[in-house]
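Could you slot chain B onto chain A? The hints should help.
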Amino acid sequence: DVKVTQSSRYLVKRTGEKVFLECVQDMDHENMFWYRQDPGLGLRLIYFSYDVKMKEKGDIPEGYSVSREKKERFSLILESASTNQTSMYLCASSLDYGQGRQETQYFGPGTRLLVL
Amino acid sequence: GQQLNQSPQSMFIQEGEDVSMNCTSSSIFNTWLWYKQDPGEGPVLLIALYKAGELTSNGRLTAQFGITRKDSFLNISASIPSDVGIYFCAGQLVAGGSNYKLTFGKGTLLTVNP
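Line by line, the protein sequences are chains A and B. Numbering of the first sequence is given in the numbering used here, commencing with residue 3 and proceeding in unit increments. Numbering of the second sequence is given in the numbering used here, commencing with residue 2 and proceeding in unit increments.
Isolated chain A (complex conformation) (with noise of 0.2 Å):
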């Protein structure tokens, strides 16, 4: 079964605060992503990395930077936490099988982050 694990469920910051949220998947997956997720919005991709080391801007990079030091964790960065980054954040995994052609995702529970 594809696990994967966000480092908290609850986290409540204040603003101005650096944040970080932890994501392991424990698959050997090569991509990882990081959305948001807020009522009547659905689901919108923060940032999503294909390898180690790299990462590429998804559709609301604005505030956000990640870090891909190891192949199984992908970590979130919110450098300044503002409350309009109040959200609920969702880490998901795929297989790569290469030409761009993925895996279906898996997600993790979710962190939900006040930021007060």
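It is possible that some hints are incorrect.
Below, computed lysine to aspartate or glutamate pairings styled on EDC-like, alpha-carbon distance capped at 16 Å [claimed, not checked]: (1) B/102 x A/58; (2) B/102 x A/32; (3) B/102 x A/53; (4) A/72 x A/30; (5) B/102 x A/30; (6) A/5 x B/18; (7) A/15 x A/81; (8) B/102 x A/61; (9) A/55 x A/71; (10) B/107 x A/40; (11) A/73 x A/40.
These are computed hints drawn from the structure, not numbers from a lab.
Relative to chain A, chain B alone:
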């Protein structure tokens, strides 16, 4: 960019009823996925479709990849209370080079009255 319209936005049904929801796209996809999300959890894959016209079942769930490659539907037969949740469609287009992004619909919230 690509957009997915998922409908209906929400459904309130009686236990035992059948359910149908669909997604339409402004452009073609070559993969359609259906996910379910329980409250407070991440989405879980239900069905994956890789070929136009493909009809796939998973228990009481049936999904089809539309012939035009711009739409897909999901049916749930004989609904039960644990079917409650948000159902998402997602599409992917691979057209040479790298394209790892999924485009998601906004979800259908299903409520089942016992």
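Against the structure, the hints:
1. B/102 x A/58: Given pair residue 102 of chain B, residue 58 of chain A holds - Cα atoms ~10 Å apart, limit 16 Å.
2. B/102 x A/32: Measuring from Cα to Cα gives roughly 14 Å; hence the hint holds.
3. B/102 x A/53: holds (15 Å)
4. A/72 x A/30: holds (10 Å)
5. B/102 x A/30: Judged against 16 Å, a Cα distance of about 19 Å means the pair is violated.
6. A/5 x B/18: violated (33 Å)
7. A/15 x A/81: Holds, at roughly 12 Å.
8. B/102 x A/61: Holds, because 10 Å separates the two Cα atoms, which is no more than 16 Å.
9. A/55 x A/71: With a Cα-Cα distance of about 6 Å, the restraint between residue 55 of chain A and residue 71 of chain A holds, given a limit of 16 Å.
10. B/107 x A/40: With a Cα-Cα distance of about 10 Å, the restraint between residue 107 of chain B and residue 40 of chain A holds, given a limit of 16 Å.
11. A/73 x A/40: violated (28 Å)
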